[in-house]
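Undergrad: These are the residues of each chain, in order.
2 protein chains.
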Amino acid sequence: MNPIPEPSVERLLILARLLDRLDVQFITSGEIEARTGWSSNTIRKDISYLEGSFASPAGYDREKLSGAIKTALGLDKPQRFCVVGLGRLGSAYLNYPAFAEEGYELVAGFDSSVNRIEILRSPVPLYPAYKMAEVISRFQISLALLCVPPEEAQHATDRLVAAGIKGIINFAPVVLQVPEGIQVRNVNVVDELRAISATIQCS
Amino acid sequence: MNPIPEPSVERLLILARLLDRLDVQFITSGEIEARTGWSSNTIRKDISYLEGSFASPAGYDREKLSGAIKTALGLDKPQRFCVVGLGRLGSAYLNYPAFAEEGYELVAGFDSSVNRIEILRSPVPLYPAYKMAEVISRFQISLALLCVPPEEAQHATDRLVAAGIKGIINFAPVVLQVPEGIQVRNVNVVDELRAISATIQCS
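Heads up: the sequence lines are chains A and B, in that order. Sequential numbering from 0 applies to the first sequence in numbering that gives the first Met the number 0. Sequential numbering from 0 applies to the second sequence in numbering that gives the first Met the number 0.
Just so you know, these hints were derived from the structure itself, not from any lab. Misleading hints may appear alongside valid ones.
Identical copies look the same in the list; a pair holds intra-copy or inter-copy alike.
[Said to hold, decoys possible] With a cut-off of at most 20 Å between alpha-carbon atoms, the simulated EDC-like pairs for lysine to aspartate or glutamate come out as follows:
1) K76 <-> E101
2) K130 <-> E9
3) K76 <-> E191
4) K165 <-> D190
5) K44 <-> E150
6) K63 <-> D22
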């Protein structure tokens, strides 16, 4: 498969979400434009990266287009992930129901405190941090939610990378150093608060 | 002050974070380009929206530039916010230390369950949901973290908007309908997992 440019990947992710929420059989590029603000040209270009037939005189077949996007982006393959750091935020995700429905299976939680692991009730098996490499390799875990305190984030990242993790969602307000080929996405509530404040101020 | 275009606002937010992390007195647009990938032209254009003097032969004065960005984006004004929905995720934020340092003061938590409010230990005052309008108005709360279950998210949003909230950070995996002028930013771990999977697949 040809690589898809990053901006097209980001738009196709949004388009897949949009299609999943709609209750229609067909959608035209004009209707997508009205809902997203992207030009019809951009939409057609993005869709040209997909394989399969989903176009008809009535527009794109919604379900087929959604399926083609998920195939192209690899979203149809179930992925295993783990949570690292089981404080308030990390432990909140142990019971999050939507992951499995979306094809993401949470198979392990890690914390450096053995005491915390023994006390926490969890539907997911919990392990001390020193077992990270063994567990990640055994269960072929590809993704991690990193919920440790900021001062532990880089050290935990180094262990995850050494254990073979491919992608990290980082909740700590620090910039992680990772080797090329490892993907990091940062989720930071303070950044979101600042972005909202700035948008209110500047609009 | 002149409005700053949305893409420039997004870049200036990132630039302010970058400047705050550096330990240098001056930084050139070439150095910013090397760290961000933005062209020197784009950087100079973004910075031209700011007021004040921070340029010198050695480059931009880091602290002055950071200060000018924060002033322009309104990040130097403290903001009050609330948490709505005190399940695992919402209650995790009640004890988050970084908010106050960054100028965001968490002044109230709301939940529709009076029982939950009575049981939770919190350094922040908690209120039943029916007091939302009164409390938001009394404390001039401008922002909200929305941590309620998906099926309650739109109803809670309508109440927040009616109470005078200007911006919402939405953790529920639903698209909120809000009147023009109200800012929403969505934080969704499944979306982040999908974005990482897609980037791994397509790179």
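Undergrad: So, for every hint listed, does it hold in this structure?
TA: Consistency of the hints with the structure:
1. In this homomeric assembly, K76 and E101 come within 20 Å of each other (Cα to Cα) only inside a single copy, at 10 Å, whereas the closest approach across copies is 39 Å.
2. In the homo-oligomer, the alpha carbons of K130 and E9 never lie at most 20 Å apart, since the shortest distance is 35 Å inside one protomer and 40 Å across protomers.
3. Taking the closest pair of Cα atoms, K76 and E191 come within 20 Å of each other only across two copies (16 Å); inside a single copy the shortest separation is 30 Å, beyond that limit.
4. Taking the shortest alpha-carbon separations for K165 and D190, only the inter-copy value of 17 Å comes in at or below 20 Å, while the best intra-copy value is 24 Å.
5. Proximity of K44 to E150 under the C-alpha cut-off of 20 Å is found in neither arrangement, the shortest distances being 43 Å within a copy and 35 Å between copies.
6. In this assembly of identical chains, K63 and D22 lie within 20 Å of each other by CA distance solely inside one copy; the values are 13 Å within and 52 Å between copies.
In terms of the numbered hints stated before, the structure departs from hints 2 and 5, listed from lowest to highest.
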